[in-house]
Every structure is written in C-alpha cells, then in structure tokens.
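Taking the hints into account, I'd like the entire structure generated from these sequences.
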Amino acid sequence: MGRTVVVLGGGISGLAASYHLSRAPCPPKVVLVEGSERLGGWIRSVRGPGDAIFELGPRGIRPAGALGARTLLLVSELGLDSEVLPVRGDHPAAQNRFLYVGGALHALPSGLRGLFRPSPPFSKPLFWAGLKELTTPRGKDPDETVHSFAQRRLGPEVASLAMDSLCRGVFAGNSRELSIRSCFPSLFQAEQTHRSVLLGLLLGAGRGPQLDSALIRRARAERWSQWSLRGGLETLPQALNTHLTSRGVRVLRGQPVCGLSLQAEGRWKVSLGDSSLEADHVVSAVPASVLSRLLPAQAAPLARALSAIPAVSVAVVNLQYRGARLPVQGFGHLVPSSEDPGVLGIVYDSVAFPEQDGSPPGLRVTVMLGGSWLQTLEARGSVLPQELFRQQAQHAAATQLGLKEPPSHCLVHLHKNCIPQYTLGHWQKLEAATQFLASQRLPLTLAGASYEGVAVNDCIESGRQAAARVLGSEPNG
Numbered sequence: 001m002g003r004t005v006v007v008l009g010g011g012i013s014g015l016a017a018s019y020h021l022s023r024a025p026c027p028p029k030v031v032l033v034e035g036s037e038r039l040g041g042w043i044r045s046v047r048g049p050g051d052a053i054f055e056l057g058p059r060g061i062r063p064a065g066a067l068g069a070r071t072l073l074l075v076s077e078l079g080l081d082s083e084v085l086p087v088r089g090d091h092p093a094a095q096n097r098f099l100y101v102g103g104a105l106h107a108l109p110s111g112l113r114g115l116f117r118p119s120p121p122f123s124k125p126l127f128w129a130g131l132k133e134l135t136t137p138r139g140k141d142p143d144e145t146v147h148s149f150a151q152r153r154l155g156p157e158v159a160s161l162a163m164d165s166l167c168r169g170v171f172a173g174n175s176r177e178l179s180i181r182s183c184f185p186s187l188f189q190a191e192q193t194h195r196s197v198l199l200g201l202l203l204g205a206g207r208g209p210q211l212d213s214a215l216i217r218r219a220r221a222e223r224w225s226q227w228s229l230r231g232g233l234e235t236l237p238q239a240l241n242t243h244l245t246s247r248g249v250r251v252l253r254g255q256p257v258c259g260l261s262l263q264a265e266g267r268w269k270v271s272l273g274d275s276s277l278e279a280d281h282v283v284s285a286v287p288a289s290v291l292s293r294l295l296p297a298q299a300a301p302l303a304r305a306l307s308a309i310p311a312v313s314v315a316v317v318n319l320q321y322r323g324a325r326l327p328v329q330g331f332g333h334l335v336p337s338s339e340d341p342g343v344l345g346i347v348y349d350s351v352a353f354p355e356q357d358g359s360p361p362g363l364r365v366t367v368m369l370g371g372s373w374l375q376t377l378e379a380r381g382s383v384l385p386q387e388l389f390r391q392q393a394q395h396a397a398a399t400q401l402g403l404k405e406p407p408s409h410c411l412v413h414l415h416k417n418c419i420p421q422y423t424l425g426h427w428q429k430l431e432a433a434t435q436f437l438a439s440q441r442l443p444l445t446l447a448g449a450s451y452e453g454v455a456v457n458d459c460i461e462s463g464r465q466a467a468a469r470v471l472g473s474e475p476n477g
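Final position of the sequence shown in UniProt numbering is 477; the numbers increase by one with none missing.
Because the hints were derived from the structure by calculation, they are not lab data. It is possible that some hints are incorrect.
Claimed, not checked - Dumping the calculated DSBU-like pairs for lysine-lysine here, alpha-carbon to alpha-carbon at most 35 Å: (1) K140 - K124; (2) K269 - K416; (3) K124 - K404; (4) K404 - K416; (5) K29 - K269; (6) K404 - K29.
Stated by the list, open to error - Simulated restraints, written as ranges between beta carbons of each label pair: (7) E177 - P209: 34 to 42 Å; (8) R3 - Q391: 50 to 58 Å; (9) L272 - R195: 36 to 44 Å.
All of these numbers come straight from a predicted model, not from anything done at the bench. Glycine included, each C-beta is placed from N, C-alpha and C at the ideal position.
Here's what the structure looks like:
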C-alpha cells in the first residue's frame with residue numbers, strides 16, 4: 001500500500017506542494033486539508049460593478065529570475081497562457097514607481113542616467129550612494145537589520161526613505177526590525193561574496209540553467225515587469241484545485257486541523273474535530289504560529305522556534321472612481337513611516353491592468369494600511385470598524401493622489417497576521433527547526449510564507465521544494 005501525505009493549508013503554498021506531489025512518477029496518496037471554505041489563502045479576486053476585478057491580496061506576479069520562470073511554467077501546465085495579462089517593459093507601470101515624501105510624489109530614478117541626476121526626495125544624485133556602497137567594507141555580523149545594512153552601505157537617506165518604504169511595501173514591516181539576511185538574501189549574499197552589493201548583483205546575474213517555454217521566452221523578449229490573469233490572480237489557485245481533483249487528490253475544505261499526534265509506528269494522526277486522518281508524512285503550509293499550536297508535546301523545541309516567527313496585519317482598501325484621473329502614471333507609490341505611520345502605499349491598479357477596469361471603466365486604486373498605526377490599534381484591543389479603514393484610505397487617496405470625490409465603489413478587508421516578519425536572527429529560528437526535524441527524523445516538512453519568502457513566487461517554490469523533499473529528491477528539513 002502506497003504512502004499517504006497530508007498537506008495542511010490550501011493557500012498557494014499548499015496547493016503547489018499538492019500539485020508537485022500529484023505529478024510524481026509514482027505519486028503518493030495526497031489529502032489537502034483547508035480550514036476555511038475556500039482555497040487560495042490571501043490570493044482572492046472579487047468582481048465588482050461592471051465586472052471590474054478587485055484584488056484583496058496580491059495583484060501581480062514578477063516573472064524575473066528562476067522562481068518567476070517556474071511560476072510561468074506552472075501557468076502553462078495549467079493551460080492559462082491565454083489568460084495572462086502582462087505589463088511589458090516599456091509600459092508606465094513597469095518604468096515608473098514613486099515615493100510620497102514631504103506631501104508630494106517623487107519619481108524614483110530609473111536607468112543609468114537617473115543615477116546622475118538630482119532626484120528628490122534625496123538631497124544628492126544616487127550616484128553618490130552607489131560610490132559609497134562600492135567603497136564600504138564588508139560587514140562582519142552574521143545578520144543585521146535592513147535599516148542598519150542600508151545606512152552602513154548606502155547612507156542615511158536611502159535607509160530612511162527608500163529601504164524603509166520597501167520594507168513597508170513588501171513586508172508591511174519595520175526596516176529597523178527586519179533582517180537583511182532573511183528579507184533580502186541576494187543583497188546579503190552579494191556583500192558576503194563580493195564585498196559590494198552593486199558588484200555582487202552585477203556579477204551574479206544570469207547564472208544557472210535557464211528554464212524555457214513559449215511564455216517564458218515571450219516574457220523575456222517583452223521584458224515583463226509583472227503579470228496577472230484576466231479574471232484576477234485567484235484564477236491560479238482555482239485552476240490548481242481543478243487540476244488536483246482531476247489527479248485524484250482529496251481536497252477537504254472547512255476542516256480546521258485541531259492537532260497532530262505521532263502514533264507508535266511513526267505515522268501521524270491528524271485530528272479534524274469529529275474525525276481524523278492518518279498520514280505517513282505531513283507537509284505544513286499553514287503559518288508557523290498556527291503549526292506551533294498543533295504540534296505534540298515531544299516536538300516542543302520545534303513549536304518554540306515556530307512560535308517565535310511573528311506576523312503583522314494589513315488592511316486592504318479597494319477604491320473605484322468614476323471619471324477620475326491620476327496625477328501620474330506608474331505602478332504606484334510607497335510611503336515611508338516618517339511621512340505616515342499608517343499608509344504603506346497605494347497601487348494604481350488601472351494603470352497596470354486596465355483590462356480589469358470593467359464596463360464602463362472606472363479608475364481602480366488599492367490603499368494598503370498597516371504599520372505602527374495598525375499595530376498600536378490592535379495592541380489596545382480596539383474594535384476596528386471597516387469605516388475607520390475606509391476613511392483612512394479615502395483621505396490618503398484624496399491627499400496623496402488628489403482623488404477628492406467620493407469613490408463609486410469601496411471594499412475593505414482586514415487581513416489579520418497575513419505577512420510573516422523575518423526579524424533579526426530569523427535564520428537561527430529556521431536552523432533550529434531544521435536541526436530538530438533532522439535529529440528526530442520527524443516525517444514533517446515545512447512550506448509557506450513563514451520561512452523563506454513572502455511573495456507568490458516564493459510560496460509556490462516552497463511548495464515545490466517541500467514536495468521534492470517528501471519524494472526523496474532533497475534532504476528533509
């Protein structure tokens with residue numbers, strides 16, 4: 001009788017793990033268990049007036065690098081090529097990104113020429129920050145906060161404006177707490193290997209075998225900066241679910257896992273309230289803190305390491321305006337914490353993906369709220385009414401983009417603990433978890449955003465690697 005693998009969590013990581021397990025030459029029996037009634041996790045697309053698409057979570061996927069190419073391969077394998085909406089390299093959404101500083105929007109410099117020109121809000125051309133970077137010695141610490149790293153190598157302005165905003169845009173986090181080694185491993189490794197981040201990024205580009213498909217070739221030829229799907233990104237998890245069902249994967253929805261226990265013969269018992277499953281191996285694609293509460297007493301050291309990985313909440317407010325125009329054309333803008341502790345940034349959805357504006361078309365933007373403002377509200381135990389987020393978002397759109405008329409459509413969603421925080425020393429938590437799993441030979445593999453990347457590509461790759469480890473292609477961990 002073949003092995004049974006139970007995958008916990010029906011977000012994109014769990015779906016990807018199940019997908020790769022089901023496509024093995026001799027696949028195990030796979031059971032995917034999701035606590036809620038829907039699959040896809042934070043990827044969620046809803047239709048509004050006139051069939052406009054509103055993304056409540058991620059809204060675009062980057063095609064760059066090996067992970068971006070792997071996701072495009074997955075898209076092709078699922079038969080979704082005709083649904084892809086690309087943002088080509090010559091498009092304003094690919095070329096223009098902004099910072100909102102001092103009550104004004106500032107275009108971030110692009111291209112080599114931009115480095116030599118004055119570029120507010122920075123007091124000097126960024127060429128000088130690059131020169132400082134090239135002459136700064138290598139750091140000696142095994143880890144460092146993003147802010148400290150950026151300040152040491154690029155100067156205080158780049159650290160407090162650009163890197164602060166980037167950490168808010170990607171992690172909804174604080175650059176003075178987040179780890180450079182875990183949040184931006186390519187920057188950390190570039191310094192370690194080449195003494196300079198700029199040199200490391202230049203010399204390290206283009207290594208390794210390149211994946212190939214018609215869609216990947218098209219993305220490279222047209223220099224896509226990102227892509228989505230015509231019906232919204234949720235089309236991807238929906239297509240994965242359809243594929244899994246066709247491959248005989250059992251998908252259980254609305255079945256929260258209550259606990260995990262090890263049987264005498266080394267198999268898992270997965271408790272689901274009034275029923276249970278038995279598994280030879282468990283892939284956990286639920287958040288680290290959730291898994292820490294499910295583990296049995298004999299895995300207490302693992303639970304301690306996992307419970308130390310925090311996460312933050314983000315309020316996503318989708319706004320649509322009739323007859324309105326943006327003051328600039330681009331992907332969107334980020335807001336440093338010194339400018340506004342609550343507004344992380346605004347994405348100009350209609351610029352990147354006008355095909356999703358609906359009929360008649362209306363201008364769509366998404367305001368991301370979080371940071372210390374939201375953390376303080378949550379810490380007080382305050383009731384967080386949707387009206388509070390709506391007012392904050394509309395005020396931000398009016399102040400920062402001049403969208404002063406009331407929106408024709410508004411959606412508010414608070415995603416609690418949705419983005420894991422790779423704080424200083426995160427790598428040590430991962431090392432402790434890996435060592436415990438190896439020493440105890442636990443038939444448990446970790447996947448998902450809690451560990452080595454929060455982007456959609458990272459999560460899909462974590463699912464693929466988890467499946468490879470289960471199937472014996474890679475060492476367990």
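Hints, verified against the model:
1. K140 - K124: holds (28 Å)
2. K269 - K416: holds (29 Å)
3. K124 - K404: The given pair, whose Cα atoms are some 33 Å apart, holds under the 35 Å limit.
4. K404 - K416: Roughly 29 Å separates the two Cα atoms, so the pair holds.
5. K29 - K269: holds (15 Å)
6. K404 - K29: violated (56 Å)
7. E177 - P209: 34 to 42 Å: holds (37 Å)
8. R3 - Q391: 50 to 58 Å: holds (53 Å)
9. L272 - R195: 36 to 44 Å: violated (53 Å)
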